[in-house]
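S.K.: Taken in sequence, the protein lines are chains R and F. Per our numbering, residue 3 is the first one in the first sequence, and the count goes up by one each step. Per our numbering, residue 3 is the first one in the second sequence, and the count goes up by one each step.
Read the hints as simulated data drawn from the structure, not as lab findings. There may be inaccurate statements among the hints.
One copy or any two copies: either way a pair holds, since identical chains are not told apart in the list.
Unchecked claim - With a Cα cut of at most 20 Å, we get these calculated PhoX-like pairs of lysine-lysine: (1) K277 / K156; (2) K344 / K98; (3) K277 / K194.
Number of protein chains: 2
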Amino acid sequence: MEITQKILDFVMKQEEPVIILDLDIIEKNYWRMQNSLNHSVIYYAVKANSEKRILERLVKIGSSFDIASIGELDLMLSLGADPSKLSYGNTIKKEKHIKYAYDKGVRLFVADEFSEIEKISRQAPGSKVFARIQMGDSDSDWPLTRKFGTNIEKAVDLMILAKEKDLIPYGISFHVGSQCYDKYAWKTALLKVADIFYHLKKEGIELKFINTGGGMPVQYLREIPEIEDITAIINETIIENFEGFDELIVATEPGRTLVGDAGLLCANVILRAEKEKNDWVYLDAGVFHGLMETIQNFRYEVIVWGKNGEEDNFTLAGPTCDSVDVIYDEVYLPNDVNIDDKVFFMNAGSYTTGYSTTFNGIESPKVYYTDEI
Amino acid sequence: MEITQKILDFVMKQEEPVIILDLDIIEKNYWRMQNSLNHSVIYYAVKANSEKRILERLVKIGSSFDIASIGELDLMLSLGADPSKLSYGNTIKKEKHIKYAYDKGVRLFVADEFSEIEKISRQAPGSKVFARIQMGDSDSDWPLTRKFGTNIEKAVDLMILAKEKDLIPYGISFHVGSQCYDKYAWKTALLKVADIFYHLKKEGIELKFINTGGGMPVQYLREIPEIEDITAIINETIIENFEGFDELIVATEPGRTLVGDAGLLCANVILRAEKEKNDWVYLDAGVFHGLMETIQNFRYEVIVWGKNGEEDNFTLAGPTCDSVDVIYDEVYLPNDVNIDDKVFFMNAGSYTTGYSTTFNGIESPKVYYTDEI
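Given only the sequences and the hints, what does the whole structure look like? Please build it.
M.R.: Laid out in structure tokens, this is it:
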């Protein structure tokens, strides 16, 4: 998202850190995915940014939603979402939460373990279930493969168990890792999914649902493939490898992909301090107040507004009395950066507000929309 | 804190994760410090746990408080704290927040940079200021030395500048690192402080305030020195090295030391899943819901209640769809651990609720007190 004059005029008047979001960019990203992917159903990953106006806009344009908890379920229902458009996409669910979701009308659940299928069969009879498979290591910033997913053999067995338990064995999901740079990771995964589809067809189970997860990258510092580069690979792989399956649904679970480049975070310099190795710059937003993703060195583009000094190496930190609250150990900034400067974190629309705390008695950045500033 | 029968009866009825706190243990820890340290003034570090009942109890027994922000200032004033007992102990302060604190009656501020002294002199005229010095690496779990503090020479210059700016040069603070295992770290630091005191005395500035920070450890897995072992070292070092200073105040800023062993967190197993390397156990509390300190492998004692199987190696994770939400990559648990088991994190009274988020639409553990369960 660009720093427009309007945004600049607004942030210059702010004494606290802010996040600014542009709903039109989110909608544009939605249609780019929807229009370039065959058989597409988009399940927006609510966890990426659960600000109400984002969710309302996506409900309005017909999106489906990937929810991680009954908290997100209640939120979506309160905003008018149709429960038939919700996927309970967390592999880790309490049995009573499955019942709660079923009672509210949710009929689509994920699982990667037998006991989870059993919970779903007890509390959500007749529902559709899909199994999540693990991926190998991919070139992504946040590999999700260790915590979630199972192998191909077990995915097959999970679908067979689902059928035995009178659930609807519906499909397979995977996740290439959040912010994935390699468009062929989707192809590799889809070939595994095809294996499972054909294997189960022989057993009399016809799957329909190919859930390609999230992970399409957003522009930070590294060059990325475009959305259409990735959807083209997905389309092509499915045409070539899923022959004989006529009613396919190709689901995606974009979070960052829809909202990442639809936002920015603007913080203020509180202090510049001379330290032994290099100077430190302290902001009024940090790891615990909007920039949690930097804790594992996730790299935003950082712009110090109006300063044009030669670049020098700084440590950039947040405002709390906590040693973990260091945004970047090393980052190049103009050497004339100083107190009261505005510092922009570009494309910070996702995974910022959601991780916020009030640690140290400090509020997280307030959210504004471009149409209200 | 022990798992008493009363606590057990209570947690067995809970379907969600809980934190249980014992105010009497906090008070006992307070008096242990207060009674064993000469010239003691205890500034409780509000950030360690800012639950109202804890703060109210500490106000009642006469504690002073170390605040990190005007949010914590407002909270303390709302609970009846005397502003003259508050220390604005964050080296990173907005100028307008210094003014706000001064207007509310705060007269004690820290600084580790010249520009911070200048801000204080403009907005809090005549206040007491102390300089924070850096420590070398100490044997602690959370070294705080990189982000905060300056060297001895600059600390001297900061106090001289404070005098020039009509502030009261009041003393020196340090922090040996949170959860510090080496009682001699305090001695090493105090010798540096003594150097500064003598040096400034020659320049006509008599300091009074020795702020020994926090860092006294709480029992998790490693053996620790007792509070009294550490206060004895501090007493002895001060007697031997601060001759000629008659009105000394020995401040401490305990957080974990007062509340760490006054609490526990009890979570529930949601799922046990077979993975390639080892089995994973998923809980309804995790990194983003009470256990943030584990993100850098901070080790609690973990007890799976009522399971006595042989110990095996597990990965322990939280309930969110986030790969960072892994509590421990490797932890030994009874091999019969399973869904619905109660899992206790011992001595989890500090830095749990304060870091909580509602990420993934999941609420953080609710707090209860032993006198209300």
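S.K.: Hint by hint, note whether the structure agrees.
M.R.: Results of checking the hints against the structure:
no.: 1; hint: K277 / K156; result: between (54 Å within a copy, 11 Å between copies)
no.: 2; hint: K344 / K98; result: between (47 Å within a copy, 16 Å between copies)
no.: 3; hint: K277 / K194; result: between (52 Å within a copy, 18 Å between copies)
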